[in-house]
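Engineer: Listed below, chain by chain, are the residues.
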Amino acid sequence: MTDLTVKLPGLDLKNPIMPASGCFGFGKEYAQLYDLSQLGAIMIKATTVETRLGNPTPRVAETASGMLNAIGLQNPGLEKVTGQELPWLEQYDVPIIANVAGTTMEDYVEVAKAISQAPNVRALEINISCPNVKQGGITFGTDPDVARELTRAVKEVSSVPVYIKLSPNVTNIVSIAKAVEEGGADGITMINTLLGMRMDTKTGRPIIANITGGLSGPAIKPVALRMVYEVSQHTKLPIIGMGGVTNVDDVIDFLSAGASAVAVGTANFVNPFVCPEIIGQLPERLHELGFDSVEQLVGRSHRL
Amino acid sequence: MTDLTVKLPGLDLKNPIMPASGCFGFGKEYAQLYDLSQLGAIMIKATTVETRLGNPTPRVAETASGMLNAIGLQNPGLEKVTGQELPWLEQYDVPIIANVAGTTMEDYVEVAKAISQAPNVRALEINISCPNVKQGGITFGTDPDVARELTRAVKEVSSVPVYIKLSPNVTNIVSIAKAVEEGGADGITMINTLLGMRMDTKTGRPIIANITGGLSGPAIKPVALRMVYEVSQHTKLPIIGMGGVTNVDDVIDFLSAGASAVAVGTANFVNPFVCPEIIGQLPERLHELGFDSVEQLVGRSHRL
Amino acid sequence: MIKQERMQIIKQQEIAKHIFELTVQGELANEMAEPGQFVHIRVADSFEPLLRRPISVASIDLEASQFTMIYRAEGRGTQLLAEKRPGDTLDVLGPLGHGFPVEEAQKKAYLIGGGIGVPPLYELAKQLNARGIETVHILGFESKQAVFYEDKFRDLGDTHIATVDGSHGTQGFVTHILNELPTDFDTYYSCGPTAMLEAVQWAYPQKKGFLSYEQRMGCGIGACFACVCRTTKSETDYIKVCSDGPVFPAGVVIS
Amino acid sequence: MIKQERMQIIKQQEIAKHIFELTVQGELANEMAEPGQFVHIRVADSFEPLLRRPISVASIDLEASQFTMIYRAEGRGTQLLAEKRPGDTLDVLGPLGHGFPVEEAQKKAYLIGGGIGVPPLYELAKQLNARGIETVHILGFESKQAVFYEDKFRDLGDTHIATVDGSHGTQGFVTHILNELPTDFDTYYSCGPTAMLEAVQWAYPQKKGFLSYEQRMGCGIGACFACVCRTTKSETDYIKVCSDGPVFPAGVVIS
Ligand SMILES: Cc1cc2nc3c(=O)[nH]c(=O)nc-3n(C[C@H](O)[C@H](O)[C@H](O)COP(=O)(O)OP(=O)(O)OC[C@H]3O[C@@H](n4cnc5c(N)ncnc54)[C@H](O)[C@@H]3O)c2cc1C
Ligand SMILES: Cc1cc2nc3c(=O)[nH]c(=O)nc-3n(C[C@H](O)[C@H](O)[C@H](O)COP(=O)(O)OP(=O)(O)OC[C@H]3O[C@@H](n4cnc5c(N)ncnc54)[C@H](O)[C@@H]3O)c2cc1C
Ligand SMILES: Cc1cc2nc3c(=O)[nH]c(=O)nc-3n(C[C@H](O)[C@H](O)[C@H](O)COP(=O)(O)O)c2cc1C
Ligand SMILES: Cc1cc2nc3c(=O)[nH]c(=O)nc-3n(C[C@H](O)[C@H](O)[C@H](O)COP(=O)(O)O)c2cc1C
Ligand code: FES
Ligand code: FES
Numbered sequence: 001m002t003d004l005t006v007k008l009p010g011l012d013l014k015n016p017i018m019p020a021s022g023c024f025g026f027g028k029e030y031a032q033l034y035d036l037s038q039l040g041a042i043m044i045k046a047t048t049v050e051t052r053l054g055n056p057t058p059r060v061a062e063t064a065s066g067m068l069n070a071i072g073l074q075n076p077g078l079e080k081v082t083g084q085e086l087p088w089l090e091q092y093d094v095p096i097i098a099n100v101a102g103t104t105m106e107d108y109v110e111v112a113k114a115i116s117q118a119p120n121v122r123a124l125e126i127n128i129s130c131p132n133v134k135q136g137g138i139t140f141g142t143d144p145d146v147a148r149e150l151t152r153a154v155k156e157v158s159s160v161p162v163y164i165k166l167s168p169n170v171t172n173i174v175s176i177a178k179a180v181e182e183g184g185a186d187g188i189t190m191i192n193t194l195l196g197m198r199m200d201t202k203t204g205r206p207i208i209a210n211i212t213g214g215l216s217g218p219a220i221k222p223v224a225l226r227m228v229y230e231v232s233q234h235t236k237l238p239i240i241g242m243g244g245v246t247n248v249d250d251v252i253d254f255l256s257a258g259a260s261a262v263a264v265g266t267a268n269f270v271n272p273f274v275c276p277e278i279i280g281q282l283p284e285r286l287h288e289l290g291f292d293s294v295e296q297l298v299g300r301s302h303r304l
Numbered sequence: 001m002t003d004l005t006v007k008l009p010g011l012d013l014k015n016p017i018m019p020a021s022g023c024f025g026f027g028k029e030y031a032q033l034y035d036l037s038q039l040g041a042i043m044i045k046a047t048t049v050e051t052r053l054g055n056p057t058p059r060v061a062e063t064a065s066g067m068l069n070a071i072g073l074q075n076p077g078l079e080k081v082t083g084q085e086l087p088w089l090e091q092y093d094v095p096i097i098a099n100v101a102g103t104t105m106e107d108y109v110e111v112a113k114a115i116s117q118a119p120n121v122r123a124l125e126i127n128i129s130c131p132n133v134k135q136g137g138i139t140f141g142t143d144p145d146v147a148r149e150l151t152r153a154v155k156e157v158s159s160v161p162v163y164i165k166l167s168p169n170v171t172n173i174v175s176i177a178k179a180v181e182e183g184g185a186d187g188i189t190m191i192n193t194l195l196g197m198r199m200d201t202k203t204g205r206p207i208i209a210n211i212t213g214g215l216s217g218p219a220i221k222p223v224a225l226r227m228v229y230e231v232s233q234h235t236k237l238p239i240i241g242m243g244g245v246t247n248v249d250d251v252i253d254f255l256s257a258g259a260s261a262v263a264v265g266t267a268n269f270v271n272p273f274v275c276p277e278i279i280g281q282l283p284e285r286l287h288e289l290g291f292d293s294v295e296q297l298v299g300r301s302h303r304l
Numbered sequence: 001m002i003k004q005e006r007m008q009i010i011k012q013q014e015i016a017k018h019i020f021e022l023t024v025q026g027e028l029a030n031e032m033a034e035p036g037q038f039v040h041i042r043v044a045d046s047f048e049p050l051l052r053r054p055i056s057v058a059s060i061d062l063e064a065s066q067f068t069m070i071y072r073a074e075g076r077g078t079q080l081l082a083e084k085r086p087g088d089t090l091d092v093l094g095p096l097g098h099g100f101p102v103e104e105a106q107k108k109a110y111l112i113g114g115g116i117g118v119p120p121l122y123e124l125a126k127q128l129n130a131r132g133i134e135t136v137h138i139l140g141f142e143s144k145q146a147v148f149y150e151d152k153f154r155d156l157g158d159t160h161i162a163t164v165d166g167s168h169g170t171q172g173f174v175t176h177i178l179n180e181l182p183t184d185f186d187t188y189y190s191c192g193p194t195a196m197l198e199a200v201q202w203a204y205p206q207k208k209g210f211l212s213y214e215q216r217m218g219c220g221i222g223a224c225f226a227c228v229c230r231t232t233k234s235e236t237d238y239i240k241v242c243s244d245g246p247v248f249p250a251g252v253v254i255s
Numbered sequence: 001m002i003k004q005e006r007m008q009i010i011k012q013q014e015i016a017k018h019i020f021e022l023t024v025q026g027e028l029a030n031e032m033a034e035p036g037q038f039v040h041i042r043v044a045d046s047f048e049p050l051l052r053r054p055i056s057v058a059s060i061d062l063e064a065s066q067f068t069m070i071y072r073a074e075g076r077g078t079q080l081l082a083e084k085r086p087g088d089t090l091d092v093l094g095p096l097g098h099g100f101p102v103e104e105a106q107k108k109a110y111l112i113g114g115g116i117g118v119p120p121l122y123e124l125a126k127q128l129n130a131r132g133i134e135t136v137h138i139l140g141f142e143s144k145q146a147v148f149y150e151d152k153f154r155d156l157g158d159t160h161i162a163t164v165d166g167s168h169g170t171q172g173f174v175t176h177i178l179n180e181l182p183t184d185f186d187t188y189y190s191c192g193p194t195a196m197l198e199a200v201q202w203a204y205p206q207k208k209g210f211l212s213y214e215q216r217m218g219c220g221i222g223a224c225f226a227c228v229c230r231t232t233k234s235e236t237d238y239i240k241v242c243s244d245g246p247v248f249p250a251g252v253v254i255s
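The listed protein sequences derive, respectively, from chains C, X, S and F. So for the first sequence, full-length UniProt numbering puts the first residue at 1; every next one is plus one. So for the second sequence, full-length UniProt numbering puts the first residue at 1; every next one is plus one. So for the third sequence, full-length UniProt numbering puts the first residue at 1; every next one is plus one. So for the fourth sequence, full-length UniProt numbering puts the first residue at 1; every next one is plus one.
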């Protein structure tokens, strides 16, 4: 029997596969397609204190093996998320990782404090890396000192373990990872999207109304893999890896590079069944590669 | 008549299209396929003081809509480049942009001084952004102060205009661009490759012998376009844009974003005739879009 | 229920300039109910192009487990779609969204379509006729070469064609025809460019109307918040074209 | 001269397990000269997969302007190649590199191949036979199912087969056969996995030999420095497999 379970701070995962934040809403839509209890965990859409309308449309644009998005953290706000979305998700036997966003440090603290008390929220993912909002978001994720401070503040109020979501749009991702480790983070999730842009060739206008957007999908996998490899060498924090995962071999690659679990974002749009499909294929693929458990594979590339 | 000419410091270009450094050797191979005098310019392979053997193989790996390379600046060294490669290129009516690399500031200065005296070298491209060498390269391109210093030093000895090639692996590309502007640069070329990695899924080993490599090709176009757009807003320096260009519409997009000319790298491997093909298609495409000249198009996205 | 299926391509042909009619077969077709719903199509197994393309259902044949779409091969994705041949399979996700409510029409309905907004009106016209509703079709196209399904619509009711260049039917937009027609209908249904939908709403402020909207999509099922529109119903919320729409009652969408 | 051409696919068939034989036609075929040269193939118009795939020429038919390749459909690119059908076109760049020098053989040559290194030896055998050289073929495969062209080689000379699992011919590697054979040849030619090339060189240190190497490639024409090998000829230089090779005299490449 192949052992797919993974133990991480706050998270007892059946398997290492979970949908990435923003690519799965609050689960309702995909619940029409399959039983969410199959998933290792669910990273829900970013939650802010107030209802957010997000950016004007168009909000997405296709690129070579990728896509840009600038949703702008649209979400129903803390009250509705804790009052409606999270209780609805309680019907499934699946741990929830709540993605927390904000404009000021106080925002983050307020959301973290409240949302970490929901019974099915087993961990927080602090989104200090959203490239699509004018204030907050990515600014917290590009300066090590700010990132450390924010981690401390959130950690203080949170009743569940705290994972910090790193931005790839930095010169030195290891320095940010170390800073959040010092700040007391329990884990790291990475990577968020790369800042990018696409033009309408006819008019010269940026296609995304927000002008720039976040690049995700297979195109960014090499960058994500490199960053996971680097960060896992230089911190002790467990990593949930993501960026361009579309199939079981991508999952193997992220685990090999040092991730303990793997999130799937954009691929859900291409194949809405991608998460359960990968979960189904994992045991055989592990077996073929000569492994009995997911945990044996973690960080394999560093041990060669 | 559509006017394809572009005037840049040191460069009187017939058209805005040129092969990017490292993707065209010193021109000999592509000269078997077409007349190099058709090109706007040629950016030759990085030149260092001494002969460089570069990295072990495998040096390339394919990724989704992109490739990784870690050639490691293999080149025959300054003496052979000025003694053999450049004189050979004199038979063509095409300006040469010499790509300069090194490990120390003195290296850069030595190469810049000597190579800028070759009669067909009309500009230098200072490679402060190569991700594939242990020392030098990218380290000069991620710190604004170092970049400014290096620009000054090179500028002092160079007898032709100096373009600085920027790395995309930074938090704030505008700050680097401004620093090299202060250092006296005549122009900017951007972007070099994004740092990435690919595993052999079976073994877990990185495919590239150097472990990490530089990501190029269509996958990175959105990142390159965004950076050109940002830098052109915040400096007055002319930009030669590159990153994922494969066809005439990509060229239009880079010009719209603010580049004055465009280099084509990886696409030469996919279609060795890509440069003359784009040059051939440019007049009609400009006409369709309602432009009489390339220069009218430059920075169009900023004026909408 | 929403399904994802590799459907069999039964027929593919160019029925007007750059306009293709594509028929597919499979169990997914049995899930189709409302006219105006759409499917989300993966045009290649490659990651380039990456995203699915939303295409409306133009007619449904439940007995044969088939449905037909009509699309314009314009960008890269739809051009790749146009290269598929009978016997090939096609990765389809659907049926998606909420379509036109046929039960809302009383006696007579206007069906107003523009360009590639015309196709979903065909299944709608069929279903309305089956319910004994008289349908009048007002269809706009670029030029004569782009016109399709004229005879099929005529078989179901009065049909008026406008072309922008006047090469067929009335010269101008559908609104030019609407100005000349009586207003003795109770319900209108419309699909086409946003500007056309706006004009149609303005023309009939007193009538019951249903409009089908377009937005760039990610997931196509309501999870990603890509395809939103502002709405008159709430200042603090958006509606999603993919799952709340694409069809909305007149007056709901702020475009 | 190197050409880039959309060649016509004439024939494509699976001749052994996962092994395909592909014949194409076009002007590029007329440029073919040496056995052991290769072409660089773009398997899709998409950017994914992006890079061309190097495949050797297995036989040339100048009269028909055709040539044939044999490849194993293994990774994504070669699998896509295997989906192509007669009538489709194929974007080919070639001929590339320097092949086996046929004029070096005097009387009798050994042709030693392993797996997908076997194909180029077939055109080589034809050309050597045409010059009156006796050829002996020693070919290694994984298993019986993977064996191809055995009869075709037999028609041209003595042919010995080894399979790793012993399901056909001698059990083991080509070197097991070489140990049993006389050394009455003047020249050997070899293509296959690097370990095999090494073993062959060790086995015949006194003989004139030519070996065909593989490396991952970018451009395929000598411009990108992706496909280099260290060489015994210089401490400060590399040789490029794509343009200096892929065939090198024995003793030149440090692998
Ligand atoms: C609900 C709905 C129903 C539709 N029904 C039809 C139909 O029946 N027939 C038909 O011909 N077209 C229809 N369209 C429009 C069709 O989806 C686009 O023409 C198509 O996606 C363009 O893809 P492309 O590859 O040709 O263009 P590209 O320019 O390559 O597309 C790039 C990206 O932009 C998106 N995009 C481009 N144009 C549109 C658009 N107008 N609407 C939404 N996304 C767009 C694409 O989906 C893709 O993600 C419908 C759109 C929606 C939202
Ligand atoms: C000069 C030369 C001649 C060759 N002749 C033949 C032949 O006649 N028949 C045949 O079956 N194979 C031949 N090969 C090997 C063939 O090129 C690879 O099997 C093929 O490129 C693998 O592509 P893929 O899409 O199946 O694999 P993928 O794993 O998808 O390839 C990914 C990338 O790695 C490269 N790559 C993977 N394996 C190899 C390899 N062994 N050599 C070089 N690049 C590789 C690919 O070209 C591509 O860029 C030859 C290789 C070289 C260098
Ligand atoms: C449409 C969309 C919305 C996203 N929204 C969020 C979000 O709200 N919070 C967050 O932390 N990341 C968000 N992301 C980033 C993803 O969680 C993920 O980090 C990124 O897309 C890379 O993974 P992928 O390549 O698998 O998509 C979003 C991504 C997409 C494509
Ligand atoms: C194989 C290869 C070698 C390269 N060598 C160099 C180099 O020597 N100097 C340099 O400045 N850039 C080098 N580059 C970077 C390119 O010049 C270019 O900046 C980058 O590839 C992005 O453009 P592209 O996407 O069109 O390839 C190299 C790129 C590749 C793919
Ligand atoms: S396309 Fe994702 S919510 Fe509508
Ligand atoms: S593949 Fe580019 S030099 Fe050989």
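Since the hints were made in silico from the structure, they are not lab data. It should be emphasised that the depicted structure is a prediction, and the values quoted were computed from it without experimental measurement. Backbone N, C-alpha and C fix where the C-beta goes; we use that ideal spot for every residue, glycine too. Treat the hints with care, as some may be off.
Computed Cβ-Cβ distance ranges for the label pairs, DEER-style [unchecked claim]:
1) S:VAL252 with C:PRO56: 10 to 20 Å
2) F:GLY87 with C:GLN233: 44 to 54 Å
3) S:ASP88 with F:ASP61: 45 to 55 Å
4) X:HIS234 with C:GLN84: 38 to 48 Å
5) X:MET1 with C:VAL174: 28 to 38 Å
6) F:ASP151 with S:ASP88: 51 to 61 Å
7) X:ILE211 with F:GLN4: 25 to 35 Å
8) S:GLU14 with X:LEU304: 50 to 60 Å
9) C:ASP200 with X:ILE211: 51 to 61 Å
10) C:VAL174 with S:GLU14: 51 to 61 Å
Engineer: For each hint given before, does the structure comply? Return the numbers of the non-compliant ones in rising order.
Structural biologist: 3, 5, 6, 8 and 9
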